[in-house]
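**Q** Letter by letter, the chains look like this.
There are 2 protein chains.
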Amino acid sequence: MVKHLPLTLNHRWKTKESATVLLQTNKQFTQSDTTQKRNMTAVKEEPELKKQKITDVSERPVIVPPRDAELSYTPLKTGLCYDVRMRYHAKIFTSYFEYIDPHPEDPRRIYRIYKILAENGLIKDPTLSGIEDIGDLMLKIPVRDATEEEILEVHSKEHYDFIEKTSTMNREELLKATEKGDSVYFNNDSFASAKLPVGGSIEACKAVVEGRVKNSLAVVRPPGHHAEPQAAGGFCLFSNVAIAAKNILKNYPESVRRIMILDWDIHHGNGTQKAFYDDDRVLYISLHRFELGKYYPGTINGQYDQTGEGKGEGFNCNITWPVGGVGDAEYIWAFEQVVMPMAREFQPDLVIISSGFDAADGDSIGQCHVTPSCYGHMTHMLKSLAKGNLCVVLEGGYNLDAIARSALSVAKILIGEPPDELPDPLRDPKPEAIEIIDKVIRLQSKYWKCFKRRYGNAGCNFKDEINESLISKNFPLQQAIREQQLNTLSQDFKFATLPLLKPELPKDTVLCSPNVYQSKTVIICAHDTPEIWAKRDVIQGTIDPSSSIIVDSTLDFIKWANEKKYGVIDINIPQNLFEQENYSAIVTSQEVLTYIWDNYLKYFPNVEKVAFIGIGDAYSGIVHLLGHRDTRSVVKSVINFIAQKQLRALVPLVDESLSDWYFKNSLVFSDKSHTYWGDKENKKPRKKYGRLLRCETDGINNIVEERFEEATDFILDSFEEWSDSE
Amino acid sequence: MVKHLPLTLNHRWKTKESATVLLQTNKQFTQSDTTQKRNMTAVKEEPELKKQKITDVSERPVIVPPRDAELSYTPLKTGLCYDVRMRYHAKIFTSYFEYIDPHPEDPRRIYRIYKILAENGLIKDPTLSGIEDIGDLMLKIPVRDATEEEILEVHSKEHYDFIEKTSTMNREELLKATEKGDSVYFNNDSFASAKLPVGGSIEACKAVVEGRVKNSLAVVRPPGHHAEPQAAGGFCLFSNVAIAAKNILKNYPESVRRIMILDWDIHHGNGTQKAFYDDDRVLYISLHRFELGKYYPGTINGQYDQTGEGKGEGFNCNITWPVGGVGDAEYIWAFEQVVMPMAREFQPDLVIISSGFDAADGDSIGQCHVTPSCYGHMTHMLKSLAKGNLCVVLEGGYNLDAIARSALSVAKILIGEPPDELPDPLRDPKPEAIEIIDKVIRLQSKYWKCFKRRYGNAGCNFKDEINESLISKNFPLQQAIREQQLNTLSQDFKFATLPLLKPELPKDTVLCSPNVYQSKTVIICAHDTPEIWAKRDVIQGTIDPSSSIIVDSTLDFIKWANEKKYGVIDINIPQNLFEQENYSAIVTSQEVLTYIWDNYLKYFPNVEKVAFIGIGDAYSGIVHLLGHRDTRSVVKSVINFIAQKQLRALVPLVDESLSDWYFKNSLVFSDKSHTYWGDKENKKPRKKYGRLLRCETDGINNIVEERFEEATDFILDSFEEWSDSE
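Protein sequence lines, in the order shown, are assigned to chains A and B.
Every letter in the first sequence is one number past the one before it in full-length UniProt numbering, and letter 724, counting from 1, is 724.
Every letter in the second sequence is one number past the one before it in full-length UniProt numbering, and letter 394, counting from 1, is 394.
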């Protein structure tokens, strides 16, 4: 990087100069003043000082001829690429509707960005026509045609020739080509217009690399990141950014060894990814909507598990939003957790932003909510890389106001201003976003040690990597936990297992108290495998069993029921079974509960009253049973603790009045932060969910602790016409 | 914040103007050109457009009178506070040595910073005497005396009067006061000098808050953050930053409601903390060496668990380095993990950096290694807060070169330049640092939801919070795991428990094969409770047992020994016991192994050859036994898998030659990344550690898998004079 070289030079020269100046200054001074003598003498004695050939000065300025002309530190300007000729490429209108509702990749996109920069004084161009001298803050970078040779660095000759041919096609041919293409359009100016953004992007990067500007913004169209080596697509003809990156790597092998391309366009940059998929010199990171490949460009290439191949393996990172509607919180989270750590470890010499603004709030194609200040914050973070060698190249973005405001916010960061505050910094990222980012980190931790640190160095501690062989060799934790429950219940309460005709389930799925067959009163607990509270070793990432506990919320109820001498059936529904991919805890709980009812309870001679206690997902089995059998003759009450789990509605197959009955005779406790409540303080629950109550706390264990008495009292009341003990 | 108001105003005015200009431009154009007609008409039709009262323009500039004079966007300068008068406060010399080796809080500190700014052209002051006009980049902020009223906002009248009195003390009184103070000194100029940094800090903050500068740097001394309301200390007389913060909160109640003070001086800012300990308007975050309170100021107030009190609870955060020698990696990690998330959630209106540079590389008091570029990166990150309203106030820092270089790097960020690259971005933070930061996050997650997200929302999932009551109610995981091992071994291999006379240990600590009493050959496995590979719920932070497995590395060896029909003793040493605070796994393993030897093995009638297999910390018991008993008659080989665990040396109490014997007859497998190896590729291990070998991988389970054959072959060889099966 030669960037600051000239400056450093005359600054070195200056240092000596000023040093001598000071020496004199000080001599004169020490003869005059007295107050300072102590310090001054000290200073003259102080050895370090001689070494440095400089010394302290007086507070009284000594007049010396000002000779600091060469000394001024003039920060470099920000480069700007803009050329009205890029507006010639436009869609040929074939219907009146296209007048009303023009194609989103609209020639005015670049103009509106240029205009807002002028309106805010970042550039001075009263005519808004793209003049040469645009003021003190930004430097005009002339746009030029890219040469065929440059374009062929990424694209095939066939593709180049095809685009070239469009300039001589007649209207019909153009319309046919437009028809055939994958959401692209052509007119006779397309070829001419398409060579300009390529040339512009190259020049914008060059200016940064050569230190003529501190960073740059290329306001160009048509965009490039969907253009693959062989084909145009997604409004893109040539792959602007990819070609620029290849060009820089080729022409500045010494100063630029690694380039990072950060693509925050809401679509996956399939073209750019393909151009460097096997190249370890370019780290491509893209944040985009994916939605199981349904979102454009709609191929699995955009999936988060596409991490590059050959030498390029580990140098491709897709952060795939499973839903639309993401915004600042999700992008900041992604930058904090993935982009910045990875980038710092990669140590790029140049950072290029493939800057589509279609994730911006207000863009009807992206349907996301990234605010201008969030674009500012992301730019600010990326500016801290590569000594600030940053080039921003426009890609998509179709709401003319949104792209203008977003680009302005980015430009302000480039010229050195701080970012605005985020409008809503307190919002949590969506759970779906946290989950996908977690997946990305775990996958990429194969290649990046910064992520190992986040997840510990332990070779493997993630389910994804726990394969059959490991399981066969080792032991599922949930089984150990259930065995421990069996031990406790059989030792303390003489519980025994109750046989099930479901071979895939562990034998100890259902346990019962010895008195259950004779009991008048039976409590049936259906629960998930209890939670574990564990401490992860921050270095190794493993769980230390000696500092972890099994938090078994059912035990309290069983103790209580045992004191009351009730009969008890305890049902444990595993959330997953390693052996079975298609296993569903919900279905299983429904089958098991129905089975217990049909094959046991119905035949218990003395049973007169039953209470259900459901904990976690397992509770869906209870709701299902109540809807499918008429249990009202014996079932007196139903208690469910669902924490964060999904609500289950009672679907009355037997009798419509079941819903009312369920509402009257049930308590359903949910976490304070259960999604059902949203922000509304007092939302009125639907009857079909039972009497749904919002707890003060979160977490199964906490809400059970909070509502244990309320629950048991409710059960006792429902039994009250009977004596409480038998 | 009025900062950009004037600009925004005349920009609004401008927008209308230019809109009309464009309208004309375009009309003219659409009559002329043809190529563009399509687009242009479209543009005129397009409804959104009318709404906006603007439209597209031609690529041919239309000459209009330039009227953008008012429009220029001139970024604000960076404020600079410097006044030579602050150099009057100096130590009275009492011995010749103080000439040779002056007091570290040396008057030249501020001068050297001012000088390097001038030498690099950030300011223009050839005389280096603190002139008014210092050029285009920085704006001189005049320093003034703080008033008594201002100082009393933080300090007691007694303290103020005492400092005032120093101006009239005679030499003896000054020396006595210096003597009595907690590392402070006084001369007759101390009072005068000490009022200036206070006034300077106030003015530096004011200039930012009033939008006269974009941010500011106060190059002031004496420093302030150790000065408590009642007393001077640590070179500090008045609490500059605290007084400035109080002043701003008082005088700008509308625009400044919350202030964040980030103190990266290597010492804890006890004075600043005390001033706002019960105040929720000020978030004080300090990164400092603590070392169990031994490092200056040496009180527990600097401990990480001091989080504020009353209204201020949760608004104080101490990040305490347990060791010296920390540097960029640790500071960047702390900023990423703690400082920035907390700051973003706090949403300050002003950020003040208590900017000591004594953590800088080269500072002999701080003994840490923060580089200038790291100070740049930290400043850059903080600049993204509070709309960039940032004020940097000098505190400590005693290596004149280091503080100058560091301050220059900070100043460049302030004027808008990007930070330099970190010299060693790949270094991992020290484990001690990762651990303390983990502690801080867990503690602060009580108050900050950004941390809950990092650790899941589950009410509690950390050992710290797992108390007796929880344990009594619930079930230790390690016990469940051992019970599962017992089940497996007793079912598959008919193992039984071997009694121990250690009531505190679980009954199933030692298991043995049925044939062990008669066996000629016995394998003794001593291991820690097996690891768990688990997936943490990224939202809830709980462990899902159904997707977790117990990775039991011993099982392979037991199966192998069983096939060989060897006798087997399996010893499980828990790492911790909830019930016992003073429990030590190391001591226990030593006691148990010795006990087994003295009370069982010695009396086995047929035993002729024994092999030990140690896994994890439990292996120390084996090494201990070999050193304290002469077992060589029967023990043929020793295999240890220690992964990351600490090396244990054999201390031969019986016979010196034991070490050689141990080295010949043992294999000790360690992780690839075991600290012992450091960076050295082929470090020659010490004999006392046995034959220490470095594996290709990390993690108990992986190294056992890697070396299982080598281990068993080694045992068989050591048995070879005997038949391999009996």
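Hint data in this document are derived by calculation from the structure and do not stem from the laboratory.
None of these values were measured; they are calculated from a predicted model.
Among the hints, erroneous ones may be present.
Which copy? The list can't say, so a pair holds if one copy fits it or any two copies do.
Simulated pairs of lysine-lysine, DSS-like, Cα-Cα distance not exceeding 25 Å [as the list claims (entries may be wrong)]:
1. K449 <-> K439
2. K439 <-> K564
3. K311 <-> K446
4. K124 <-> K449
5. K430 <-> K452
6. K664 <-> K180
7. K311 <-> K449
8. K494 <-> K507
9. K672 <-> K449
10. K520 <-> K664
11. K446 <-> K672
12. K507 <-> K452
13. K672 <-> K452
14. K250 <-> K449
15. K140 <-> K507
16. K446 <-> K140
17. K206 <-> K294
18. K124 <-> K165
19. K452 <-> K439
20. K688 <-> K559
21. K688 <-> K494
22. K687 <-> K140
**Q** For every hint, state whether the structure bears it out.
**A** Structure-based check of each hint:
{"no.": "1", "hint": "K449 <-> K439", "in the structure": "both (16 Å within a copy, 22 Å between copies)"}
{"no.": "2", "hint": "K439 <-> K564", "in the structure": "neither (48 Å within a copy, 44 Å between copies)"}
{"no.": "3", "hint": "K311 <-> K446", "in the structure": "within (15 Å within a copy, 45 Å between copies)"}
{"no.": "4", "hint": "K124 <-> K449", "in the structure": "neither (46 Å within a copy, 45 Å between copies)"}
{"no.": "5", "hint": "K430 <-> K452", "in the structure": "both (24 Å within a copy, 14 Å between copies)"}
{"no.": "6", "hint": "K664 <-> K180", "in the structure": "neither (63 Å within a copy, 76 Å between copies)"}
{"no.": "7", "hint": "K311 <-> K449", "in the structure": "within (18 Å within a copy, 41 Å between copies)"}
{"no.": "8", "hint": "K494 <-> K507", "in the structure": "both (17 Å within a copy, 21 Å between copies)"}
{"no.": "9", "hint": "K672 <-> K449", "in the structure": "between (37 Å within a copy, 15 Å between copies)"}
{"no.": "10", "hint": "K520 <-> K664", "in the structure": "within (23 Å within a copy, 71 Å between copies)"}
{"no.": "11", "hint": "K446 <-> K672", "in the structure": "between (38 Å within a copy, 16 Å between copies)"}
{"no.": "12", "hint": "K507 <-> K452", "in the structure": "neither (38 Å within a copy, 38 Å between copies)"}
{"no.": "13", "hint": "K672 <-> K452", "in the structure": "between (34 Å within a copy, 15 Å between copies)"}
{"no.": "14", "hint": "K250 <-> K449", "in the structure": "neither (29 Å within a copy, 47 Å between copies)"}
{"no.": "15", "hint": "K140 <-> K507", "in the structure": "neither (76 Å within a copy, 81 Å between copies)"}
{"no.": "16", "hint": "K446 <-> K140", "in the structure": "neither (43 Å within a copy, 52 Å between copies)"}
{"no.": "17", "hint": "K206 <-> K294", "in the structure": "neither (37 Å within a copy, 54 Å between copies)"}
{"no.": "18", "hint": "K124 <-> K165", "in the structure": "neither (38 Å within a copy, 59 Å between copies)"}
{"no.": "19", "hint": "K452 <-> K439", "in the structure": "both (13 Å within a copy, 19 Å between copies)"}
{"no.": "20", "hint": "K688 <-> K559", "in the structure": "neither (31 Å within a copy, 55 Å between copies)"}
{"no.": "21", "hint": "K688 <-> K494", "in the structure": "neither (38 Å within a copy, 53 Å between copies)"}
{"no.": "22", "hint": "K687 <-> K140", "in the structure": "neither (66 Å within a copy, 70 Å between copies)"}
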